[in-house]
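Trainee: One-letter residues, chain by chain:
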Amino acid sequence: MDLKSPYLPKVLPIMVDNMRRSSNPLGISGGKLSSWADGLDLANKGETLLYTGCEYQLIPYVLTLVDQIKKMGPFGYEGGALVSVATGLRKLGLDAATAFASLTAKDEDYYNNITRTYAKVLRKHGVEFAYLSEEEPYSGALLYEFGLMEEFAEHANKVSRLFKERKVRKVIVTSPHALEAFRVLYPKFVQGFDVEALHFTEALLRSKENVRMALRDPLEVTLHDPCHLARTLDMAEEPREILSRVKNLTFKEVPYSNKRWTTCCGAPIEILLPSLSEPLAARRVQELASSGAGTALTLCAFCLANLRKAGSGGALKVIDFGELLDSALEAK
Amino acid sequence: MAASVGEAYRENYEGMMNALRNERIALAIERATASYRQNLSKALAKYPHTVALADEVRKIKERSVERLESLLKEAMDNIAENRGQAYFAKTADEARRIVGELVGSKKSIVKAKSLTCEEIDLRQHLQELGNEVWETDLGELILQLLDESPMHILSPSIHVPKEDVAKLFSKVMGKEVPPDIGSEVSAARDFLRQRYVEADIGMSGANIASADTGSLFVIENEGNARLSTGLPPVHIAIVGIEKLIPTLAESFKVAEVTWRYSQYTVPSYVNIISGPSKTGDIEKVTTYGAHGPKETHVVFVDNGRNEMAKDPVLREALYCLRCGGCMYECPVFGLVGGKFGYKYFIGYGAAWIAYVAGLARAAPVAYTCLRCGRCVERCPVKIDTGSIISRMRGLLVNGYDRFGEPQPAE
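Going down the list, the protein sequences come from chains A and B. Under this note's numbering, residues 1 to 332 are what the first sequence spells out, in order. Under this note's numbering, residues 1001 to 1410 are what the second sequence spells out, in order.
In isolation and in its complexed conformation, chain A is listed as follows (with noise of 0.2 Å):
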């Protein structure tokens, strides 16, 4: 369909052309977005798949691109620099290596491991799963998400119809937004989509194996929860439960603002209003360094990119949730 109505935000149809061209918001190859699990001999096939939905892998993308849309300004709306970033932002699907030639090897080092970390946890619980590998789809949260609904339904048909010839009955999901996507969106766009969606926490619940959890030295934790997973989708306790077994962990609540009451990172409008994103991450950080524990975790990609973006420099460490289990799963 056209995009041509004069009230969206001008950045909306660039991200609409990529995923179109490569299923994913921000064109990147199938390849580099899996090549997380290079060396883990992952299977490909099995009813039971583990979903990281491309998205902790996207972020040093992410974070790349969130630069060049700053010069866009507000809602990538005006600006004589629109139509030349525009023209480039449109390039970035077809020739990914150029226009990313800024990424830093640490960032995706980083947030490559991060998928990794949960694959491990799994495994060490016995939670057997397939990784589609470069072939894995992005669940499409963010079309929803910005209303693109059209593009939204015809996205997750073609998810589903991958799901189906994967014959997937079963996918542990470490994303809450693609799992709100999975349990709660797909039913209503996709006739008779019936993969039943656990989040990693629920999965871990749910594991037979009782596995040693401690971590090497003691550690004073807090918790930030995603608003989609906490909210939406009701998993407050889960990740507190799992959080309960770690010996040498000591677990800080944030004042009021836990749980259903947790405050949003900002991270939803990071690449429509960078220059609100950015403040309403450092009050989200203060937030929870008012815990008084020096580690926050979070369970969400973009809520970690962007707390630790407005961390960094600052006194309060902000790691993810599936960091801290390998952690305690390889301390001795």
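Just so you know, these hints were derived from the structure itself, not from any lab. It should be emphasised that the depicted structure is a prediction, and the values quoted were computed from it without experimental measurement. Glycine included, every Cβ here is placed at the ideal spot set by N, Cα and C. Take the hints with a grain of salt, since some may be wrong.
Coverage of chain B stretches by chain A, computed from C-beta distances (three or more under 8 Å per stretch; other residues unrestricted) [claimed, not checked]: (1) 1005-1014; (2) 1359-1365; (3) 1373-1384; (4) 1393-1402.
Given chain A, put chain B in place with the hints provided.
Mentor: Leaving out everything else, chain B in the frame of chain A:
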């Protein structure tokens, strides 16, 4: 008045960025939020039935919005029966024209706070017709004197600290007002007192309009609405049709939930106005205009509300009680206050803006909302902002033509 899409996006953005640079705004809202949460939690602890009552009120609002047209007719008939005058304005223009004709020019008007008056720019219109209009709510008075627009629906001058109020009052009132809240409140009282007495007309909005009795509820604490609607010889009320509730009995339920979620155990005053002042004390002959107004005029305003009521998702926004609780929970509001909006604030406000001010003004608000959902946790009637924003964005992508001709993009 209609802005192009580009202008609307730019103005909205610049407003937010200016607010962001003024750190006092975030600080003031942070303090207000802390005290709101504390007061509400105390009020709910003392009256724990409020939560279930709020569920009931949601159902009352659902039923009312289903049948706005019949409620309107019933209310107008009953107001007429009570010897008041009722009017219906389809558009903002019509509302301004009706009120303008009632008021005329060279009148002195005292006005209580009303979001609907803000919506239709009524004060400016009456001033242009050559009238003197005084806002009597303390926060609104401060903004009127500063020539600024409200930052919050219940606490419009939430962002102005006492030092600034002292400077402003000293200048306007021609005497030294110290930066002490007690002195400022008493200065405002002295300043307005004579204006109530001299006013030709008092104006107000209403929180609720009961159709079966033609009664208006005006909930307040300062006593300014009581004076504005009681002292001058003429009272004009401007009421959005979404305020209509079938019965007086249900209206009390709506009123209690409204003030409770506005953080009050009980407000100082609930004015219930059903018609002009009257007496039958001499020979049982009913005579109008005893101590209160001789005339009561009620102008019901549609201005897009009936259209909004037809939309299966956006109609939710009409259930809003204007308690203001959601705003304290909105992270964006916490940084930029009422600049996240246009006349109506925060995410769910985008639906209001679309109908009362057009899609161009609604678009930047719809795309600024985080869809984080914390406002819904707070909302007594559980207005589903997430669905409203999805619907709004869907309409902005596709289906925008139902709102009339799109303004040219830049």
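Trainee: Each of the hints needs a verdict: does it hold here or not?
Mentor: Here is how each hint holds up against the structure:
1. 1005-1014: holds (count 5)
2. 1359-1365: n = 4 at 8 Å, threshold three: holds.
3. 1373-1384: holds (count 4)
4. 1393-1402: That given contact holds, which follows from 7 residues of the segment 1393-1402 of chain B lying within Cβ reach (below 8 Å) of chain A.
When the structure is compared with the earlier hints, no violation turns up for any of them.
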